[in-house]
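Protein sequence lines correspond, in order, to chains U and L.
Each number in our numbering comes from the position in the first sequence (counting from 1) with 4 added on.
Each number in our numbering comes from the position in the second sequence (counting from 1) with 4 added on.
Hints may be right or wrong, so weigh each one.
[Claimed, not checked] With a cut-off of at most 25 Å between alpha-carbon atoms, the simulated SDA-like pairs for lysine to any residue come out as follows:
id: 1; chain 1: U; residue 1: Lys23; chain 2: L; residue 2: Asp111
id: 2; chain 1: L; residue 1: Lys8; chain 2: U; residue 2: Gly100
id: 3; chain 1: L; residue 1: Lys8; chain 2: U; residue 2: Arg41
id: 4; chain 1: U; residue 1: Lys23; chain 2: L; residue 2: Gly117
id: 5; chain 1: L; residue 1: Lys30; chain 2: U; residue 2: Ser107
id: 6; chain 1: L; residue 1: Lys23; chain 2: U; residue 2: Glu98
id: 7; chain 1: U; residue 1: Lys23; chain 2: L; residue 2: Asp96
id: 8; chain 1: U; residue 1: Lys30; chain 2: L; residue 2: Pro95
id: 9; chain 1: U; residue 1: Lys23; chain 2: L; residue 2: Tyr116
id: 10; chain 1: U; residue 1: Lys8; chain 2: L; residue 2: Trp298
id: 11; chain 1: L; residue 1: Lys20; chain 2: U; residue 2: Ala97
id: 12; chain 1: U; residue 1: Lys20; chain 2: L; residue 2: Lys8
id: 13; chain 1: U; residue 1: Lys143; chain 2: L; residue 2: Asp96
id: 14; chain 1: U; residue 1: Lys8; chain 2: L; residue 2: Leu131
id: 15; chain 1: U; residue 1: Lys311; chain 2: L; residue 2: Ile99
id: 16; chain 1: U; residue 1: Lys20; chain 2: L; residue 2: Gly100
id: 17; chain 1: U; residue 1: Lys20; chain 2: L; residue 2: Ala60
id: 18; chain 1: U; residue 1: Lys23; chain 2: L; residue 2: Glu190
id: 19; chain 1: U; residue 1: Lys8; chain 2: L; residue 2: Lys8
id: 20; chain 1: L; residue 1: Lys8; chain 2: U; residue 2: Lys311
id: 21; chain 1: L; residue 1: Lys8; chain 2: U; residue 2: Arg52
id: 22; chain 1: L; residue 1: Lys20; chain 2: U; residue 2: Pro94
id: 23; chain 1: L; residue 1: Lys181; chain 2: U; residue 2: Ile24
id: 24; chain 1: L; residue 1: Lys143; chain 2: U; residue 2: Glu226
id: 25; chain 1: U; residue 1: Lys20; chain 2: L; residue 2: Asp11
id: 26; chain 1: L; residue 1: Lys8; chain 2: U; residue 2: Pro57
id: 27; chain 1: L; residue 1: Lys20; chain 2: U; residue 2: Gly117
id: 28; chain 1: L; residue 1: Lys20; chain 2: U; residue 2: Asp96
id: 29; chain 1: L; residue 1: Lys30; chain 2: U; residue 2: Gly86
None of these hints come from the bench; they were simulated from the model.
There are 2 protein chains.
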Amino acid sequence: MTRKCADLGERQLVRKITKILGITEKDDCAVLDAGDRYLVWTTDMLHRETDFPPAATPWQMGWMTAAVNLSDLAAMGAEPLGLLVAVGVPPDAEIGFLDELFSGLRDCARRYGTEILGGDLDSHRELTLTGSALGQVEKDLILRRRGAHPGDLVCTTGSLGSAGAGLRQVLDQGLAKTELAKRLLEPVPRLVEGRALARSGAVTAMMDNSDGLALSLSDLAEASGLGFVVREDLIPVSAEVEEAAKTGEDMIGLVLHAGGDFELLFSVRPDGIEAAREACDLTVIGVAVEEGVWIESGGIMRPLLPKGYEHFRP
Amino acid sequence: MTRKCADLGERQLVRKITKILGITEKDDCAVLDAGDRYLVWTTDMLHRETDFPPAATPWQMGWMTAAVNLSDLAAMGAEPLGLLVAVGVPPDAEIGFLDELFSGLRDCARRYGTEILGGDLDSHRELTLTGSALGQVEKDLILRRRGAHPGDLVCTTGSLGSAGAGLRQVLDQGLAKTELAKRLLEPVPRLVEGRALARSGAVTAMMDNSDGLALSLSDLAEASGLGFVVREDLIPVSAEVEEAAKTGEDMIGLVLHAGGDFELLFSVRPDGIEAAREACDLTVIGVAVEEGVWIESGGIMRPLLPKGYEHFRP
Numbered sequence: 005m006t007r008k009c010a011d012l013g014e015r016q017l018v019r020k021i022t023k024i025l026g027i028t029e030k031d032d033c034a035v036l037d038a039g040d041r042y043l044v045w046t047t048d049m050l051h052r053e054t055d056f057p058p059a060a061t062p063w064q065m066g067w068m069t070a071a072v073n074l075s076d077l078a079a080m081g082a083e084p085l086g087l088l089v090a091v092g093v094p095p096d097a098e099i100g101f102l103d104e105l106f107s108g109l110r111d112c113a114r115r116y117g118t119e120i121l122g123g124d125l126d127s128h129r130e131l132t133l134t135g136s137a138l139g140q141v142e143k144d145l146i147l148r149r150r151g152a153h154p155g156d157l158v159c160t161t162g163s164l165g166s167a168g169a170g171l172r173q174v175l176d177q178g179l180a181k182t183e184l185a186k187r188l189l190e191p192v193p194r195l196v197e198g199r200a201l202a203r204s205g206a207v208t209a210m211m212d213n214s215d216g217l218a219l220s221l222s223d224l225a226e227a228s229g230l231g232f233v234v235r236e237d238l239i240p241v242s243a244e245v246e247e248a249a250k251t252g253e254d255m256i257g258l259v260l261h262a263g264g265d266f267e268l269l270f271s272v273r274p275d276g277i278e279a280a281r282e283a284c285d286l287t288v289i290g291v292a293v294e295e296g297v298w299i300e301s302g303g304i305m306r307p308l309l310p311k312g313y314e315h316f317r318p
Numbered sequence: 005m006t007r008k009c010a011d012l013g014e015r016q017l018v019r020k021i022t023k024i025l026g027i028t029e030k031d032d033c034a035v036l037d038a039g040d041r042y043l044v045w046t047t048d049m050l051h052r053e054t055d056f057p058p059a060a061t062p063w064q065m066g067w068m069t070a071a072v073n074l075s076d077l078a079a080m081g082a083e084p085l086g087l088l089v090a091v092g093v094p095p096d097a098e099i100g101f102l103d104e105l106f107s108g109l110r111d112c113a114r115r116y117g118t119e120i121l122g123g124d125l126d127s128h129r130e131l132t133l134t135g136s137a138l139g140q141v142e143k144d145l146i147l148r149r150r151g152a153h154p155g156d157l158v159c160t161t162g163s164l165g166s167a168g169a170g171l172r173q174v175l176d177q178g179l180a181k182t183e184l185a186k187r188l189l190e191p192v193p194r195l196v197e198g199r200a201l202a203r204s205g206a207v208t209a210m211m212d213n214s215d216g217l218a219l220s221l222s223d224l225a226e227a228s229g230l231g232f233v234v235r236e237d238l239i240p241v242s243a244e245v246e247e248a249a250k251t252g253e254d255m256i257g258l259v260l261h262a263g264g265d266f267e268l269l270f271s272v273r274p275d276g277i278e279a280a281r282e283a284c285d286l287t288v289i290g291v292a293v294e295e296g297v298w299i300e301s302g303g304i305m306r307p308l309l310p311k312g313y314e315h316f317r318p
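Just chain U, same shape as in the assembly (with noise of 0.2 Å):
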């Protein structure tokens, strides 16, 4: 039988693809060279019925296709030189929720000092918000997905499961201005922790945990050729999120699986801790290993598997 997308799933796919284009580098962004300085250029397509439930503003689509672009730039140590948004709406959209989801495309880039500088608009039968970001970074600051060794200490921004909570609270309770929905809806691209983690020396490896904590890991483990152990007392949660949650258990699946949480996860040399905290707020939740992605609970071990948002894996 002929094979479908829907058979092999996103990660299968995408390095099917990245054969294809001769791709060898997975990072947030692609690098280019450009003499004194990188730059990093990525891109990220969201629509309606993936993307956005059916009670986020459209203020809110627009804030969070420009942030999760700019959380590429900042997972790479790199500062915004602005950004692009190609739009598809559907023909019967009012002009109404236009202006406020362009209002909302500027007004994250304007947060972040940036602009959207151009683009393109299509009448598509589906909302569809594909941005694309450009940033800079210099040369011996840049921060990859490869690069972290064993002993490093892995660590994260923030707090986590937040967005899989405020998911939960805008599909049941149809609400999108709550303080959960909006870490989900209005996400914050972590670039002045990006930039001072970059600066700060201590940084050995980076990504953004947008596809959930466990499939994060295992990508910067992947990265890196080795693996992680963390502890799950030490990871972040909020009080909200310790609330929303029904039981420990469903609590623990919204932190590691759920994803959206756009926080920085990344390696810092033991010897650069103190260096890494005096360049952001950030919590020390696990260890770089030899091999394997693991997860401590209460003394016992067990592997923590890549699950969390995939595409083409409803």
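Chain L: place on chain U using the hints.
Here is chain L on its own, set in the frame of chain U:
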């Protein structure tokens, strides 16, 4: 009654959006200052229903996506640094379809000396391809839509109407591989010509004619704050288009209003026409005047209405 996007049409909507975003320049690409040169940067979204006739092959859809983005770089006299592509694919698409699609993207990029550097893969109800192209151009060589002066000669590369005639063959006969169909589905980004024209120092304003000659002349006129007179008998039309057209009137409709040709449309200082001719094959089709866009045919001048391909106007 609340107004919808379809009530305004693409061009009015773009005017609204650029106002929200604070964009004042209207060129084929966004322009970023990079010290000794400019970076030029564009994005274009193509999708199944709007941009790809049913007979188009997946390889052609990939090629076309890369080509239309590269054409925007060509229009500013830039050389490509790379492409990104965000692809939304229906989950029931066959793996072989994806292979061909990405081969088309890769082949077009490599044909013009560049690469697909990265991207995003999504599950999407309608096949949607958003490309983004980044290029560079020396500061004194960049060509914009503004800059033409009355008396400049208006010129085009290649011949016009081929893509429009090709579309008819593709739709009527389901043929995707005839000479004319390939002009539509395998467009040639005029990167070599664009660079050579920029280096000639003779060109005062430039864009690609992807929306058709009439609409593109109107855009070039508006950006430069002047007008154009073109002579119908000077417009280059291939023998294939002459043969495919039902009548003379039908042919001139394809040439003026059909779009999809991706030739360069540009103005040349009168004393620079020899230098421009040395740069590339071109045809002088008219002259820049103080105001209005006019077409002269058989000694009669009539206004050339800005009618062409426009989204939200079925």
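Margin query: Check the hint pairing lysine 8(L) with arginine 52(U) against an upper bound of 25 Å on the C-alpha distance.
Written below: holds, 18 Å
Next item on the list: Verify the proposed pairing of lysine 20(U) with glycine 100(L), using a straight-line Cα cut of 25 Å.
Entry: holds, 11 Å
Check: Can the restraint linking lysine 23(U) and tyrosine 116(L) be considered satisfied, given a maximum Cα separation of 25 Å?
Finding: holds, 20 Å
Next item on the list: Take the C-alpha atoms of lysine 311(U) and isoleucine 99(L), compute the straight-line distance between them, and say whether it is at most 25 Å.
Entry: holds, 23 Å
Next item on the list: Take a quick look at whether lysine 8(U) and tryptophan 298(L) sit within 25 Å of each other, Cα to Cα.
Entry: violated, 52 Å
Note to self: Tell me if the straight-line CA distance from lysine 23(L) to glutamate 98(U) falls inside 25 Å.
What the structure shows: holds, 17 Å
Margin query: Tell me if the straight-line CA distance from lysine 23(U) to aspartate 96(L) falls inside 25 Å.
Written below: holds, 21 Å
Note to self: Check the hint pairing lysine 20(L) with glycine 117(U) against an upper bound of 25 Å on the C-alpha distance.
What the structure shows: It holds: about 23 Å lies between the C-alpha atoms, which stays within 25 Å.
Next item on the list: Take the C-alpha atoms of lysine 20(L) and alanine 97(U), compute the straight-line distance between them, and say whether it is at most 25 Å.
Entry: holds, 15 Å
Notebook entry, point to check: Hey, lysine 8(L) versus lysine 311(U), does the alpha-carbon distance stay inside 25 Å?
Noted result: violated, 41 Å
Note to self: Need the status of pair lysine 20(L), proline 94(U): alpha-carbon distance at most 25 Å?
What the structure shows: holds, 17 Å
Next item on the list: Take the C-alpha atoms of lysine 23(U) and glycine 117(L), compute the straight-line distance between them, and say whether it is at most 25 Å.
Entry: Holds, at about 19 Å.
The earlier numbered hints that this structure contradicts are 3, 10, 12, 13, 19, 20, 24, 25.
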